[in-house]
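Trainee: Line by line, the protein sequences are chains L and Y. Okay, so the first sequence: first residue is 1 according to UniProt numbering, each after it adds one. Okay, so the second sequence: first residue is 1 according to UniProt numbering, each after it adds one.
The set of hints was computed from the structure by calculation and includes no laboratory data. Predicted model, so just to flag it, every value in this text is computed and none were measured. Don't take each hint at face value.
As the list claims (entries may be wrong) - Derived lysine to aspartate or glutamate pairs resembling DMTMM-like cross-links, with alpha carbons at most 20 angstroms apart:
no., chain 1, residue 1, chain 2, residue 2
1, Y, K282, L, E22
2, L, K8, L, E93
3, Y, K56, L, D50
4, Y, K322, L, D226
5, Y, K60, L, E216
6, Y, K322, Y, D99
7, Y, K282, Y, D261
8, Y, K282, L, D50
9, L, K17, L, D50
10, L, K46, Y, D315
11, L, K8, L, E195
12, L, K46, Y, D80
13, Y, K56, L, E276
14, Y, K322, L, D249
15, Y, K322, Y, D80
16, L, K123, L, D112
17, Y, K60, Y, D337
18, Y, K56, Y, D39
19, Y, K56, Y, E297
20, Y, K60, Y, D99
21, L, K17, L, D201
22, Y, K60, Y, D315
23, L, K17, L, E195
24, Y, K322, L, E22
25, L, K8, L, D35
26, Y, K56, Y, D219
27, Y, K84, Y, E297
28, L, K33, L, D90
29, Y, K60, Y, D283
30, Y, K322, L, D112
31, Y, K282, Y, D65
32, Y, K242, Y, D80
33, L, K8, L, D90
34, Y, K56, Y, D283
35, Y, K322, L, D35
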Amino acid sequence: MNRLAIPKTYKLYIGGKFPRSESGRVYEVLSHKGDFLANAAKGSRKDARDAVVAARSALGGWAGATAYNRGQVLYRIAELLEGRRAQFIDEIESCEGVNAAAASAQIDEAIDRWVWYAGWADKYVQVAGNANPVSGPFFNLSVPEPTGVVAIIAPQGGESLLGLVSAIAPALVAGNTVVVVANELAPLSGISLGEVLATSDVPGGVVNIVTGSPAEIAPWLASHADVNALDLVGAGDLDWVELQISAADTLKRVLPPESGADAAAPALSRILAFTEVKTVWHTKAIL
Amino acid sequence: MTHTPLATYQPEQRALALIGGEATDANLRRYLHGIPGIDAVGLEARAADLGTRSIKTSSKRWAIDTIIGLIDLTTLEGADTPGKVRSLVAKALVPDPSDPGTPRVAAVCVYGDMVGTAVNALGSAHAAGGTEGVNVAAVATAFPSGRASLAIKLADVRDSVAAGADEIDMVIDRGAFLAGRFGQVYDEIVAVKDACRRVDGSMAHLKVILETGELNTYDNVRRASWLAILAGGDFIKTSTGKVAPAATLPVTLSMLEVVRDWYRLTGVQIGVKPAGGIRTSKDAIKYLVTVAETVGEDWLTPHLFRFGASSLLNDVLLQRQKMTTGHYSGPDYVTID
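Work out the full structure: start from the sequences and follow the hints.
Mentor: Written as structure tokens, this is what we have:
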């Protein structure tokens with residue numbers, strides 16, 4: 001006798017919870033062959049707004065955690081990704097139409113990249129910070145600090161899990177919190193990444209994943225006054241110049257779209273893109 | 001609208017006529033316990049239903065400006081300083097410096113010893129009984145617990161009135177109420193009302209705080225509301241904000257129903273002030289809907305309805321900025337309290 005399949009409902013990941021879209025909308029996620037795979041929530045501007053509120057309230061705790069602690073939390077995510085390998089292979093195969101070996105290779109790359117970024121958590125400050133020489137009896141120290149709430153349009157084509165990881169990991173390293181619009185056509189591994197994050201040590205609200213149409217949601221994030229930075233890495237097909245212009249109204253840091261095989265390649269510059277340099281003067285003790 | 005002959009009585013006699021005798025414990029108990037009980041499930045279902053109303057675009061715009069005009073901007077902390085009260089007043093006068101068209105709030109609500117500071121800070125913008133400007137409300141009668149002798153409570157009220165308070169927020173003695181000493185609660189409200197008289201004979205508005213979070217049942221809330229109105233309160237207010245749960249929609253709905261019944265009985269309009277726990281404009285809009293549906297839109301004026309709140313104003317301003325600019329605003333764009 002055939003068992004009735006229980007298909008999974010893919011929901012949003014906001015503030016550590018998995019709500020449906022406020023709008024009640026869903027859209028069909030299709031396999032590369034065009035077969036129905038699942039219903040995913042079609043996020044609205046209000047979901048994006050809720051995600052920004054969650055990210056803002058999580059910022060103090062995440063940015064205030066010690067760099068060592070942040071690094072450990074990020075390593076832990078890599079460990080959990082490893083444990084969910086079978087699920088990710090399944091989702092990547094069905095969504096992207098690649099074979100198991102290619103899917104597995106993508107997961108390897110995603111985990112390695114995550115570990116690479118996690119290692120930077122307690123090191124990037126040494127590289128980017130500085131004790132500046134000044135002509136006076138002062139210490140003059142420049143230290144990078146997280147920019148704040150970063151809105152990200154995840155890479156839309158190609159490798160869905162790797163693209164998402166490459167976009168959110170560097171922002172998290174420095175202590176930013178993230179609102180990411182997932183790959184529209186292949187969102188399943190993104191939501192599953194949310195499930196990994198929910199069961200890891202990442203505080204709720206540090207990463208918020210909204211599925212749906214980037215063209216619909218991105219303008220609201222770009223103009224949102226409580227978003228501090230905008231990573232347009234996956235916005236190449238959108239009217240991203242307009243997004244940059246509206247982001248400029250509230251003085252956001254903006255990264256431009258990238259495309260090609262080495263889009264969002266791991267680099268220290270991606271971490272530093274979402275940091276602000278604070279310079280402190282302090283008198284030298286005169287004994 | 002049919003008014004019974006009660007409407008023709010003087011206010012002082014009206015209560016006694018209703019109670020059917022002097023305001024003794026026994027008479028009040030007979031009267032208050034004779035009031036029909038509340039269907040709690042029905043009340044909560046009705047409140048939840050009113051909370052689902054969708055208010056959008058121009059209606060929302062109107063609601064937001066109305067809410068601002070109904071707010072008692074409040075600071076009731078042990079750590080209140082004259083500077084904090086002055087900045088509260090500044091915010092009451094110009095809630096959103098980026099938009100001078102933003103309406104002013106109805107009043108600032110402070111502890112009695114801060115009334116002078118608030119009055120000075122308001123200067124010519126102090127309403128002082130007029131219809132324009134911002135009122136000063138003072139909490140009194142050993143707020144928030146109400147645990148002091150009557151003499152001290154009355155002195156507290158007189159001090160605040162003398163310092164220029166336009167409105168007095170008194171707390172009832174919940175201990176006496178719960179113990180069934182209704183006469184004591186009644187007499188206290190009457191005495192406080194009398195202490196609200198200024199030297200020129202005019203009266204400061206009296207708001208009676210029931211502290212519904214400590215009354216345990218909706219029936220008690222209804223009885224306390226009747227008691228406060230019978231004794232001469234101009235406003236009934238849910239909570240001090242120091243006890244959880246503070247204002248909830250069902251509790252406010254039940255108080256509005258009492259106010260509606262009193263209006264039908266006597267033609268007198270009593271105000272309602274939910275306070276504590278209302279932090280978002282979404283919540284506040286639910287209250288507006290409930291008021292309009294229960295007692296009518298007439299009540300949506302500062303004389304008859306107020307929100308006791310501090311953080312609500314910022315959320316309302318964020319919504320207002322969103323509607324003005326077309327994009328979401330953030331906490332960096334409103335003042336911190």
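Trainee: To test your reading of the hints: which numbers does this structure violate?
Mentor: 5, 7, 12, 13, 15, 17, 18, 26, 27, 30 and 35
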